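A.B. asks: Listed here are the chains, written in short residue letters.
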Amino acid sequence: MVESKQQWKAWLYLAPAIVLLLIFTVWPIINTVRMALLENYSGLKAAGGATFNFGIGNFEKVINYRRFVQCMKNTVLLCVFTVPISTLLALLIAVALHSIKPLQKALQTIFFLPYVTNSIAIGMVFAAMFNIVGSFFGTENELIVTAGIINNVIEFFGGTHVNWINYGSSYAANMFVMIVYIVWNALPFKILILLGGLTSINKQYYEAAKVDSTPRSRVLWRITVPLLSPMLAYVVITGFIGGFKEYTSIVGIFGERMGPASDSGRMNTMVGFIYDSLSNNNQGRASAAALILFGIILVVTLINLQVSKKRVHY
Amino acid sequence: MKIVLQNLTKAFPSRNKKSNEEVIAVNNFNFEIPDGKLIGLLGPSGCGKSTTLYMISGLQKPTSGRIFFGDDDVTELSTENRGIGLVFQNYALYPHMTVKQNIMFPLQNLKGQDKLTKEQMLERTQEAARLVQIDGLLDRKPSELSGGQQQRVAIARALVKMPRVLLLDEPLSNLDARLRLQTREEIRRIQQETKITTVFVTHDQEEAMSISDMIVVMKTGIVQQIGKPQDVYDDPANLFVAKFLGTPPINVFEGRVKGGMLYVGPDAVMEIKGVSDQAVTVGIRPEGFVPDENGPLKCKPVNVEVMGRDVSVVSTHEASANPFVRSIINADHKVNPALEHVRYAIKPHKIFIFNKETEERIYFEVK
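Chains as they are written, first to last, in the numbering used here: chain U, 114 to 427; chain Z, 1234 to 1600.
It should be emphasised that the hints constitute simulated quantities derived from the structure, not laboratory data.
Possibly wrong hints are sitting among the right ones.
[Unchecked claim] If you anchor each label on the Cβ, the simulated ranges turn out as follows:
(1) Gln221(U) x Asp1305(Z): 36 to 44 Å
(2) Gln119(U) x Gln1341(Z): 56 to 64 Å
(3) His274(U) x Pro1328(Z): 38 to 46 Å
(4) Asn1249(Z) x Pro197(U): 46 to 54 Å
(5) Asn1249(Z) x Thr230(U): 38 to 46 Å
[Stated by the list, open to error] Some chain Z residues well away from chain U (every beta-carbon gap over 10 Å; in silico):
(6) Ile1317
(7) Met1330
(8) Asp1500
(9) Gly1507
[To be verified] The calculated lysine-lysine pairs, modelled on BS3-like cross-linking and capped at a C-alpha distance of 27 Å, are:
(10) Lys1580(Z) x Lys323(U)
(11) Lys1589(Z) x Lys1506(Z)
(12) Lys1294(Z) x Lys1333(Z)
(13) Lys1333(Z) x Lys1452(Z)
(14) Lys1294(Z) x Lys316(U)
(15) Lys422(U) x Lys1580(Z)
(16) Lys1491(Z) x Lys1506(Z)
(17) Lys1461(Z) x Lys323(U)
(18) Lys1428(Z) x Lys316(U)
(19) Lys218(U) x Lys1580(Z)
(20) Lys1294(Z) x Lys214(U)
(21) Lys1235(Z) x Lys1583(Z)
(22) Lys1351(Z) x Lys423(U)
(23) Lys1476(Z) x Lys323(U)
(24) Lys1461(Z) x Lys1333(Z)
(25) Lys1461(Z) x Lys1351(Z)
(26) Lys1452(Z) x Lys1491(Z)
Fair warning: this is a prediction, and the values are worked out from it, not measured in the lab.
All residues carry an ideal CB built from backbone N, CA and C; glycine is no exception.
Given only the sequences and the hints, what does the whole structure look like? Please build it.
C.D. replies: Rendered as structure tokens:
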């Protein structure tokens, strides 16, 4: 313990961090709650001297918006698919990477590259890969040539091209592209964490398993996964939090339209909804949506923690 | 199941990339381990005893030489197919499984005709747990057990699949002194009950001497001596073995043989036959000293430690290679530490002489 005479020094050293946190974190949080609870709050009108009544009208409106419900559905679907898929893939890749010796460092670097690449740029590359060339605007002469490497591959193997993201594409196709993209984007961080966890597992457990002629799949599920469970829990929890905040990946693929040309805003997410509300000068609505998002993430994380209490072996 | 080690050699590539010198961990090891015996591999750290054990287990591949289990050549066989049980130094119990799950784990891996039903597995598990006396702890996690209990679980896990060979890597080093005594008796008992050929590695000579049927003393990858513990103690092949076995350790002196007389420093200790005149290293076991007013060896006492039945006399001698000479004598003899000198007679079978350069034993006859 710091002696009480010395305490002012401790506070002094902490002051820069505390001041910055108060200005840029604590106050915005308080302000968000304030704006959410003022009916139809708008920053522009407030600057003009308008006053707003206190109430929960913003929340009611947000929940009743059909677009908000669509955003919520998109977000939840993305989370439900991408988190388990990416975690499982990351686990398998990490175990494979851990077990090979030659080129391990080189492959680790390659698998980590997506993490340091701009996600908008990756999105544009993915959009190009899933593209079909023809008309983007649904004129008579559409789809004369297929470009886009994915469709080329499908056609090479004798399949018919799929309209993934262009005009007139289906919701399922859009969702599929988003899931592939988000999973790919989420892998590096998860692989890194799991690989770190793997290196810290005592090798003797594996030698013991070997002595007992344990099949490889059993080693993975009965030894590696339980011993890795703290890392897995961390990866899943942060995965859900990240998933609920998904936004840039949609922009990367579909642009600010947040959906195919035929149905703008179809792939919008909750964070996207908040941005839209902000740009419409509707800070009250945006704040209410942000608080709802916060509530959802809180509940999901609590559920995660509760589950991991039973499943995680520290 | 007897184990035969034939010209077993293990060389590790050098860490230093510039020099291509290999590190020879085990050098040309030949030994036939008889069926159903308890064998102690003994030596200071880095002597290659653990490497030998791991080669028997298959976790490490020998550079050259062959290993046989019975008549089967298992040199190329992978660990999985050798049918061994291995107890690791730190036990390597799976921390997330209960004791029962840990012990049952090897059984669940059995395939084909060896496959067991759930009831059989449970029965075998309980049988193994009873053998090591942990049947009351089956639902605990390893972290809830003491070191000795964990050790037993590890042994049970190694025994439950009825291995052809049981290997123990420093099984007692993580236990406190009292538990160590108790556990080594346990290992002896379990081995005698199961009659499984067992090899264990230790750096503690007392441990190896007390429970092994045979001990193998190793130094820098080379086997120094193999034999029954008492035989090796009574008849060491070289100075290293003589020094390594026995607590307190053997007393080493500078000596020489001249005209059929063995001298320790200036003291003519005894007349011997069959050794030419040369400078030698003399080893005398602490229990080889007998206080005798007319004894030939003259020491200056420093301290007398009474240990109940025996008395340990610490003294100095000008030819001693160590600062002190330690002798264990019967408590009936009274030695006054204030005396100027104490004289000893030496029991002839407790004195060994070694070549000064090679440190090999020189055998002699007492005249």
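A.B. asks: Kindly confirm whether 38 to 46 Å is satisfied by the beta carbon distance between His274(U) and Pro1328(Z).
C.D. replies: Hint violated: Cβ distance 52 Å, outside 38 to 46 Å.
A.B. asks: Checking one constraint from the list: CA of Lys1428(Z) to CA of Lys316(U), max 27 Å. Satisfied?
C.D. replies: violated, 30 Å
A.B. asks: Measuring Cβ to Cβ, find out whether Asp1500(Z) lies farther than 10 Å from everything in chain U.
C.D. replies: holds, 54 Å
A.B. asks: Holds or violated: is the Cβ of Met1330(Z) farther than 10 Å from all Cβ atoms of chain U?
C.D. replies: The claim is violated: Met1330(Z) sits with its nearest Cβ about 8 Å from chain U, within 10 Å.
A.B. asks: Against chain U, does Gly1507(Z) hold up as non-interface, every C-beta pair farther apart than 10 Å?
C.D. replies: holds, 51 Å
A.B. asks: For a C-alpha distance cap of 27 Å, please report whether Lys1452(Z) and Lys1491(Z) respect it.
C.D. replies: violated, 32 Å
A.B. asks: Between the alpha carbons of Lys218(U) and Lys1580(Z), is the straight-line distance 27 Å or under?
C.D. replies: violated, 66 Å
A.B. asks: Taken at face value, is the distance from the CA of Lys1506(Z) to the CA of Lys1589(Z) at most 27 Å?
C.D. replies: At roughly 18 Å apart (the allowed maximum being 27 Å), Lys1506(Z) and Lys1589(Z) satisfy the hint.
A.B. asks: Taking 36 to 44 Å as the hint, is the beta-carbon distance of Gln221(U) and Asp1305(Z) inside that range?
C.D. replies: 41 Å Cβ-Cβ, so the 36 to 44 Å window holds.
A.B. asks: Please verify whether Lys422(U) and Lys1580(Z) have alpha carbons no more than 27 Å apart.
C.D. replies: violated, 69 Å
A.B. asks: Given the hinted pair Lys1294(Z) and Lys214(U), is their Cα-Cα distance within 27 Å?
C.D. replies: holds, 18 Å
A.B. asks: Under the criterion that the straight-line Cα-Cα distance not exceed 27 Å, is the pair Lys1333(Z), Lys1452(Z) satisfied?
C.D. replies: With Cα atoms ~40 Å apart, Lys1333(Z) and Lys1452(Z) exceed 27 Å; violated.
Hint violations for this structure: numbers 3, 6, 7, 10, 12, 13, 15, 17, 18, 19, 21, 23, 24, 25 and 26, all remaining hints satisfied.
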